[in-house]
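Participant: With these hints in hand, go ahead and build the complete structure from the sequences.
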Amino acid sequence: MDKVTDVTTEDQKVPVKVPDLDILQIMDMIPHRYPMLLIDKVIDIVTGESCTGIKNVTINEPFFAGHFPKRPVMPGVMIVEAMAQTSAVLVMHSLGQSAGDRLVYFMSIEEAKFRRPVVPGDRVEIKVKKVQNRRNVWKFTGEAWVDGQLCAQSIYTAMIVTEN
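When we follow the working numbering, the leftmost residue of the sequence shown carries the number 188, and every step to the right adds one.
Derived by calculation from the structure, the hints in this document are not laboratory data. Each hint should be verified, as a subset may be incorrect.
[Stated by the list, open to error] Here are the simulated lysine-lysine pairs, BS3-like style, with alpha carbons at most 27 Å apart: (1) Lys300 - Lys314; (2) Lys300 - Lys326; (3) Lys228 - Lys316; (4) Lys326 - Lys257; (5) Lys228 - Lys300; (6) Lys326 - Lys314; (7) Lys228 - Lys326; (8) Lys316 - Lys300; (9) Lys317 - Lys300; (10) Lys257 - Lys317; (11) Lys326 - Lys316; (12) Lys317 - Lys228.
Facilitator: Structure (structure tokens):
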């Protein structure tokens, strides 16, 4: 299903259809690969503003072998990494053709809170919003939701660099 985004033209918002991104499109935008690619799909894209990443968590995730063998829980740092990857897709999508050979690097995490465990079988919705950007530094808020419950939230910053 196509999603609607807003493109500003002279103090007016005009809806423009933006299709969801599948795993192959995501892999064209960010360099992450298994086992570190932590988003399966990106939906609800509002160019330059926000989007939602989807992560389908399975028992086959490599981190479950040690975290924890008898009670598998997705590590919080992996949830925050999924937020960062979703934000990287938003940045690259927003830059469009000008993205070229750019990469998005995590710079800082100002706040991270974990509210509920994420376990195998969960479908995590990773909602990210751009708070601000100054030149090549973008600041975001991220939230991870499962079945309408907030699991984690974070404020973080990323830098866009040109790959050499």
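Participant: Give a verdict on every hint.
Facilitator: Going through the hints against the structure:
{"no.": "1", "hint": "Lys300 - Lys314", "verdict": "holds, 15 Å"}
{"no.": "2", "hint": "Lys300 - Lys326", "verdict": "holds, 17 Å"}
{"no.": "3", "hint": "Lys228 - Lys316", "verdict": "holds, 16 Å"}
{"no.": "4", "hint": "Lys326 - Lys257", "verdict": "violated, 37 Å"}
{"no.": "5", "hint": "Lys228 - Lys300", "verdict": "holds, 24 Å"}
{"no.": "6", "hint": "Lys326 - Lys314", "verdict": "holds, 14 Å"}
{"no.": "7", "hint": "Lys228 - Lys326", "verdict": "holds, 22 Å"}
{"no.": "8", "hint": "Lys316 - Lys300", "verdict": "holds, 17 Å"}
{"no.": "9", "hint": "Lys317 - Lys300", "verdict": "holds, 18 Å"}
{"no.": "10", "hint": "Lys257 - Lys317", "verdict": "violated, 38 Å"}
{"no.": "11", "hint": "Lys326 - Lys316", "verdict": "holds, 9 Å"}
{"no.": "12", "hint": "Lys317 - Lys228", "verdict": "holds, 19 Å"}
Going down the numbered hints, you'll see the structure goes against 4, 10, while the others check out.
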